[in-house]
Structures are given as structure tokens and as C-alpha cells.
Amino acid sequence: MSVNFCGVELAHEVVNASGTFDPLAARRTFGEVAFTDFPFSAHVTKTITVAARQGNRPPRLWEAPTSLINSIGLPNKGIDRWLEEDYPELRKLPVPLIVNVMGFDTDELLKLVGVVTGLEDVVAIELNVSCPNVETGTIIGSDPDECARTVDAVRGLTTLPLIVKLTPNATDPAAVAIAASEAGADAISMINTLRGLALDPATLEPWLGGGTGGVSGPGVRAVALAQTASVCAAVSIPIIGMGGVDSGASANEFLAVGATLVAVGTASFTDPMAGSRIAGELAGLRQL
Amino acid sequence: MSDSRPIAPFGRRSVSIVETRSLGLYQVIKVQDDAAPLVRPGQFHMLSTTVGWGGETGGRPWLGRAISFLSTDGAGGIEFLVDGVGPGTHRLSSLKSGDQLDLVGPLGNGFPEVGSSDQTKPCLVAGGIGLAPILALSQRLELDGVEHDLILGFRNAEFAGAARDWPNASVSTDDGSVGEQGTVIAPLTRALDSGSRTVYACGPPLMLEAVRALCDETNTPAWFAMEAPMACGFGACFGCAVETKDGIVRLCVDGPVLSGSVLAGISSTGRVDAQ
Ligand SMILES: Cc1cc2nc3c(=O)[nH]c(=O)nc-3n(C[C@H](O)[C@H](O)[C@H](O)COP(=O)(O)OP(=O)(O)OC[C@H]3O[C@@H](n4cnc5c(N)ncnc54)[C@H](O)[C@@H]3O)c2cc1C
Ligand SMILES: Cc1cc2nc3c(=O)[nH]c(=O)nc-3n(C[C@H](O)[C@H](O)[C@H](O)COP(=O)(O)O)c2cc1C
Ligand code: FES
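In order, the protein sequences belong to chains A and B. The opening residue of the first sequence carries number 1 in full-length UniProt numbering; numbering runs sequentially from there. The opening residue of the second sequence carries number 1 in full-length UniProt numbering; numbering runs sequentially from there.
If we strip away everything but chain B, and leave its shape as in the complex, we get (with noise of 0.2 Å):
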């Protein structure tokens, strides 16, 4: 576990939006946030907007919304992609530019660093809004000229649309309506076979388990960036509890990304999954 994590400022913040766009069906938010410049690929931010959280129709969303970072320029730019699956991120695609935004983070651990001079070839694998942590992994690793190999599944062309600003990326669709046809997993089975040695991985809990399946028969190194419903993401609730071999970890804090080797198998951690 790395504990040179970033640090984040203590306390709730307001943040302005400074653009938002769409990505496939998601939503890109981009903020500007100079009180954390630095948050590392994996990380994520406690988000809920200024007005309108709280006392809408039904009463949510109340809590803030776990959300990872999609880029950041280094300077307090950063941006976030919204999958709209319930009334919290309904509410966050609806921002507009000079909204505010009240964020807690950066939370969490964030992938480990990745060495230019490490031997081992990273594979990143994305299924889904599993994107955003993957995306931002792949920026940092093109800014330090680390090659990798880029996977990125997702259901239908509609979706896949997001992966439109990263032509090197291998795509593949449920519906084979774009790319290849079929999970990320024979890509990512090709790419093992043709050097790669880690594996980055986000996406629906089914996705991460097949690749956590592969990457153990493979004794191949893996990290992967999981999701759990979550009150507070600062370790505070208990609420984000998560099953590894040595015995139920806190999501917020001792993750998102834990390593293979601790995960006896990924399952949802929601009843319905969001996916």
C-alpha cells in the first residue's frame, strides 16, 4: 500500500466548472481546483453540486458521489466523466460551465507508480465508465513515455464513442458494432501473450473478475481500480467494505486499487449492478 499518496486539503471545497462536453454517452466536467494540483491516476474525488443536492424528488441524492479523475493538467485543471446511472450523476451530467461543484479528495490510493525504466510492458484495461482511471493512467504514462498497450471494452457503438480521442486504443463492443466483437479479454489475452507484464484494469465488477481469472492462471501482475457504494471515502463510515484474502479493507482508504494477489474474486458489492 503506498501512503506517498497525494494529500488532500482537509475539508469540503467549492470548485468552479470551467467546460463540459460529452464523451460517448458520458459527461466531461472540467474543474479547476488550485488547492489540489497534484492527484495521482486511480485516485478519486467525493463530488455533489453546490445547489440542487439533497431534498430533490425522493429526497436524493444527499451523500456525495465517488467519482474518479479523468485527466488533470498538473495545475488544478482537472476533469471528470460522468456516467449518468442514478439521480447523483443525473444531477452531475446536468453542470454547466461556471457551476459549482463541492469536492472532498484526492481520495484513496491511486495505482502504483509506473517506472520509464520498469521491464515490464503495461497493459491498461478499461470496460465501461472504467475509463476515466484508465484514461488518466495512460496520460501519465504517454507523458513519461512509458509504451503500453490500451484495452477498452464497452457495450455499443453508442458507448465506444468515448474512445474516439485515442486511436492506438484496442476497442471492442458486446455487439461488435465497433472494433472487435466480445469482451476486452481475448485483446487482452493477445497482448499478454505478446509481452505486456501488468495489468491496469477498471470496469463492471463481472469484467474485472474475468481479467483477474486471466491474469492469476497467467501469474501476471495486476491492479485493479474497484468500486464500492461509499458514505464518506476518508475511512469515517465502514460503509465501503471490501473482501480480500486478509480480511475485510476499507475501499476509501486501503484502495480503490488493490493488488490481484490480495483478491480472491471481484463480485459486486451493490445488490444491482450499475452497469
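Chain A extracted, bound-state conformation (with noise of 0.2 Å):
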């Protein structure tokens, strides 16, 4: 069903979850297919950040009951590099393009927003804030000022809409929303992983190259759609919901609890049609 999303018309309510899908490397192993049946109604790319990086050290993945817990260390080729060689490819997509960008400190997220804002094809800007400020070692998006203070820097610098990525890692989510979105931001979403630790069978020892990692997949589908519900309450800005959603149903779960978007990330690695597959189901449950 096509959806209004800030003003942007979009041809359903599905969109993937940033880092869970390459429309690059997909092209190479399913051919033109992949693009020009585009799983999702908007892609949402992986964040990007202002340096190259190689991202974490292996083992990165770890597999839990209906879950993964992943250490990959947001590995990406830069902004400049992502410019060059990603984006002229990104926007043959049938789809608009919501960039993802974190920033390591108030000038890198300037620089970001200040590239992306002026692209083509691009209709919103998502601001990955689980990361920690370099200057206070808070995770940003666990900390209402320190989170309004960050919108507040990029806000002048783009009339796109500015989505803020929650993590659920913080106290109040709902309360980080209400100073994002008081900051000037256009939509929220959420939930990024949850924090999680798995251990070496044989050594007890964490298994994960970046120590922790975090967590995804439908074990933590519950606490995403309780924290989207208490978000949704809390601000009037539209959300995408997001966390274990792996069918229609859940999908419109999300959308009951007031999300008007819904992202779906793991579920696309056991199917890279997933997408599809939940935005017909979902098509279906709203038809009923």
C-alpha cells in the first residue's frame, strides 16, 4: 500500500534496515533482477562514515536462538570513496535513497550532512547516533541532551528529512525521541541491536572480535515493539519500527503500535526476497 513518509511518496511501507542489504553485491550474485525488483520501497544504505573502515576483527557473527549477535564494526569505504563509486550505481535503483551517516564528533557529522544533502535521488538523511561522542565517551543516542545537541548541529545544514536512529540501549528511549524530535528531527527510527555477549564454548572466553555485539533477529522483536509503541506515544513525528520483523504479521505490529514505516534487516540474509515477501503479505493484512 503506497505510503506518505515526510512528504515522500513511497510505493509501500517496507524499506530494508541499514546494513543488512548491498544492492551492490546482490547485483553481482542475482544479476539486474536484484534492482530492478528491488525488495524494499526506499534503500536505506549502510552507515556511512567520513574515513574508510575495515570494520571489526573476526569472528563477527554469532548465532542465538531466533537471533544473531553481530561484532562487524561498521566497515564502509568513506564518504568520499561511497560518492565516487556507490552512489552513481545506488541511484539506477528503482527506489529513492535514505543515507545513513554517523559521525565521530560534531565536524565529521557536519561534513556528512553537508555532502549528502545536495544528491539527487536522496529523500532523507539517517543519523546512526549509537556511537559514542568522542569528547564525553557517551553513546549519543542514550542521552537526550547529547542527542538533541547533535540534531541541533545538522539541522540548519539540510531542509531533507533527518530521521535519528535510536539504539534501545539506553535508559529512555522515548525520552531521547522527545529531545531528537524537539531538536528538529523529522522522523525516528528504531530500534538499532541490543547490546549482547556471547562466549567460546571452549574458553568462556567473548567470541566476538569487538568483545560484545549486537543483537537482531526476532528473539528481540518483543522489545522492539515495546520500546516503538512507548516511542510512538511519546512524539507525533512519524517512526519506522524495526527488530525481528520476519512476516506481515509482525510487520504489522509495528504499523498497530503507530510506526508508519517498518525496516527489515536480518530476515534478509535466510531470504534476500524477504522484503517482498513481508511487504505482499502485509499488503494483504491491510486488504482484509
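These are calculated hints, taken from the structure and not from any lab test. Be careful, since some hints might not be right.
Sample of chain A residues facing chain B (criterion: CB under 7 Å; computed from the structure) [said to hold, decoys possible]:
(1) Leu61
(2) Ile72
(3) Glu85
Even for Gly, the Cβ is constructed at its ideal location relative to N, Cα and C.
Assemble the dimeric complex from its two separately framed chains, guided by the hints.
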């Protein structure tokens, strides 16, 4: 069902979660059909930083009951190479782009938002605030004041909708959402992954190269749904709900608690076309 | 990097098991997959069973499991070879004819094309379950009439039972119970001395590293089908990172076959070696 998100008309409610679907790698594997039949109504990019990042040392994955713990570490080529190599290709997608960025300080964030805001086919910017403020060490997204300052710093730079992606690892995500909204955020997306720890069964030492990791998948859905419901009740801006969505029925739950869009992440790993299936199932449910 | 790789149908599909049998201590499962008749040796699929996947004791297996193919009839009949090392591979090994399998693939690059006119005699080396892509390549070379060496290493006679259908292979076992005692390195050294020139290898990290070091020393071009833990198999999760001289690559899309020239060393990317 077509839906209006911050003034942008999207073909249906299902987008991909940042960092869980790479259209360029999918095209190498599945051919042009991965573009022409793109499963989502908008493409949210993996988090882009100013400098290139290698990501964390392996191992990066741990399979837990109906969930995945990852410590990927935001590998990406940095904004300059993204702009040169990936953006011209991503523009060929039949859907609009939402660019997810993360700055480790205000200057970085200003640079990222400044570059992205002028780009054609980019309809919104998503701020990944699940990173520490290098000056204070606080995870920006876990603290209402830090989050408000961050949104405030970039708000004047762009007229594009600014989406703030909340971390569930905050004491009170609704308070962070209110602060972001008051500072001028146009939308909230949530949840990012929940902090989790996997131990090597043989040594009982941390398994993942990054120490702890982020938990995603159906196992986190109840937490995501509760947090989404409380944030939807607290702010009036649109919400992109996510966390363990793997069917039209589970997507519909996020819409029921007030989300405008639903993002699908881990479910794409087991089926690259999960997004299309979920959008189809959702349309069926909404027609009833 | 070859981008003429066979392209996979988009999405996950269900196929029927048409036959199962054991090969040494491994299990062969054959499916009929009409949607993707072409696969290249070294490519793999992400497999899960339609029934009994997820929600078992301990909640695993849940994500798909990366499995290379052992043989193909070129018309969608594909055999997989499974070594039961954990919940996913045990579940796959328990499949019977008529059961349904969900798969995504073929994935990854596969071994580079070996032309029959190549002057460099291929030498294929496998250790343990590394057998599958190597035997797939051997089958392809035989069809193309390319003469090659085939060197297979196993832990012991029980595992070496998997080599029974390849009488021309030189077999070694760690305990000497079948074939030559020791690793694949001695027969590989002899093959290189007698004119074998390009090496294609798959096996446990320790073996691959020994083969890599030998090829490096002797300036022998080599291709390695490698393993890393994988969640998606098509470049979506960035979980299958492997370090190369050119930086970290995603093994599922940039591999699983990597040239020895980009590898400084091969180590296990999981903490416990599945072998
Ligand atoms: C490209 C490629 C091709 C392959 N081809 C074949 C093939 O042809 N045949 C074949 O049999 N195998 C093949 N493998 C290996 C196969 O994918 C693995 O053995 C399989 O995924 C193991 O799953 P499991 O559930 O049986 O075992 P797991 O329990 O997943 O155990 C395997 C290893 O994973 C680690 N581990 C343990 N628990 C966890 C956990 N909770 N989360 C994450 N890791 C854990 C440990 O290191 C363990 O030794 C291939 C792998 C790759 C990458
Ligand atoms: C492997 C992996 C990589 C991710 N990378 C990013 C990222 O780069 N940026 C980001 O904002 N979120 C990232 N996420 C979080 C997802 O976008 C999403 O918020 C989370 O996984 C919950 O949704 P899911 O349960 O549907 O996967 C990642 C998640 C996973 C599993
Ligand atoms: S397994 Fe997901 S990127 Fe390679």
C-alpha cells in the first residue's frame, strides 16, 4: 500500500534496515533483477563515515536462538569513495535512497550531512547515533541532551527529512526521541541492535572480535515493539519500526503501535527477497 | 575476480531431495533444482531444511548453512556433501529422499575457468570436507578433457572412504591407515616437481596454510576455496570478513575462492576449528 513518509511517496511500508542489504553485492550475485525487483520501497544505505573503516576483526557473527549477535564494526569505504563508486550505481535503483551516516564528532557529522544533502535521489538522511561522543564518551543516542545537540548541529544544514536512529540500549528511549523531535528531527527509526555477549563455548572468553555485539532478529522483536510503542506514544513525528520483523504479521504489529514504515534487517539474510514477501503479506493483511 | 559467475535466481527457493547416500563418514544429498542448472565448482549455496530448522533444542540451527556442491549433471541435478559437525549440518545429514530443502544460490565466484589449452597442469588438493568443491572441479576438468593431479588428505581410513569413487587420486591419511601416511604436502611437493603447475585447494585452515606457504615458496600460482562463518552468503551482512593483502574482503561475494597472491596467511576465522 503506498504510503507518505515525511512528504515522500513510497510504494509500500517496507524498507531495508541499514547495514543489512547491499544492492551492489546483490546485483553481482543475482543479476539485474536484484535492482529491477528491489524488495524494498526505499533503500537505506549501510552507515557511512567520513574515513574508510575496515570493521572489526573476525569472528563477527554468533548465532543465538532466533537471533544473531554481530560485531561487524561499520566497515565502509568512507564518504568520498562512496560518493564516487557506490552512489552513481545506487541511483539506478528504482526506489529513492535514504543515506545513513555516523559522525564521531560534530565536524564529521557536518561534513557528512553537507555532502549528502545535495545529492539527487536522496530523500532523507538517517543519523546513526549509536556511537560515543569522542569528547564525553557518552553514546549519543542514549542521552537526550547529547542527541538534541547532535540534531541541532546539523538541522540548519539540510532541508531533507532527518531521521534519528535510536539505540535500544538507552535507559529511556522515549526521552531521547522527545529530545530529538524538539531539536528538529523529522522522524525516528528504531531499534538498532541490543547489546549482547557471546562466549566461546571452549574458553568462556568473548567469542566476537569486537568483544560484545549487537543482537537482532525475531528474538528481539518483543523488546523492539515495546520500545516502538512507547516512542510512538511520546512523539508525533513518523516512526520507522524495526527489530525482528520476518513476516507481514510481525510488520503489521509495528504499524499497529503507530509506526509509519517498517524496516527489515536480519530476515533478508535467510531470504534475499524477504522484503518483497513481507510487503506482499502486509498488503494482504491491510486489505482485510 | 571473475564476474562471469553463474547468476543465482533472486530469493530463496524450495527443492526436493531426490537421493541420499553416505560417502565415507559424509552424507551426500542430491536435489533437483530446475531454477539454476548452471553452477561453477567452488560456488556454494545457503541451505536450510524446510521443516525442523530453527526452534530445535538450543534454538539452532536458524540461519542458512554454506555448503559447496560435489557434482552437477548440468541440468539442475546437484549433489551436496555434508560433514555433520554441529546442529545445522547434522540436520542436513538427516534428510531423506522426498524431503524439502530451502536454498539460495549458486553464490560466490567459484574457481576460475581452466582451459584445456592451458600449459599449466592443474593440481587439485583437498583435505577433509574440502573434498566437495575439489571433486566438483575434478569432474569438470574430466568432462573438458583436462589432465590433472588429484591429491586427497583425510584423518583416517573411515573418512578416506569418501575417496572410493576416485581411484586415480593419491590419498594420504594422518594415521597412515589408508594410502600414504602424513599430510597432503609430500604428494603435492612431488606433483609440483613432476610438472604440475597451478594449484587448486580446499580444506581445513592448517592444511591450506601449509599449501599456501609451499606454493609461495615455489612461485606456484594457487587458488584457495576458503571458509568463514556466514549469515547471508550474498554480501548483505559483512560477517564473513577475511583478511587479505588488499584489506578485508567479504568471502561470500569476493570469494570463496581467493588467489594465493592476495593471501598473506590463512588462519581459522572461527575460534574453534570445525575440523
Ligand atoms: C563457502 C563455504 C563452503 C562450505 N562447504 C561445505 C561443504 O561442502 N560441506 C560441509 O559439510 N561444510 C561446508 N562448509 C562448512 C559449513 O558451512 C559449516 O560446517 C556449517 O555452517 C556448520 O554449521 P553447524 O550448525 O553444523 O555447526 P556449528 O555449531 O555452527 O559449528 C561450526 C563451528 O561454528 C562455531 N560455532 C559454534 N557455535 C556457534 C554459534 N552459536 N554461532 C556461530 N558459530 C558457532 C564453532 O567454530 C564451530 O566449530 C562450507 C563453508 C563455507 C563458508
Ligand atoms: C549484520 C548487521 C549489520 C548492521 N549494520 C548497521 C549499520 O551499519 N548501521 C545501522 O544503523 N544499523 C545497522 N544494523 C542494525 C539494523 O539496521 C537493525 O536496526 C537491527 O538489526 C534490527 O532489525 P532486524 O532485527 O530486522 O535485523 C545492522 C544489523 C545487522 C544484523
Ligand atoms: S555472509 Fe553475509 S556478507 Fe558474506
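Going down the list of hints, with the structure as the test:
1. Leu61: The hint holds - leucine 61 (chain A) has a Cβ within 7 Å of chain B, the shortest such distance being about 4 Å.
2. Ile72: Given a least distance of 5 Å, the restraint on isoleucine 72 (chain A) holds.
3. Glu85: violated, 15 Å
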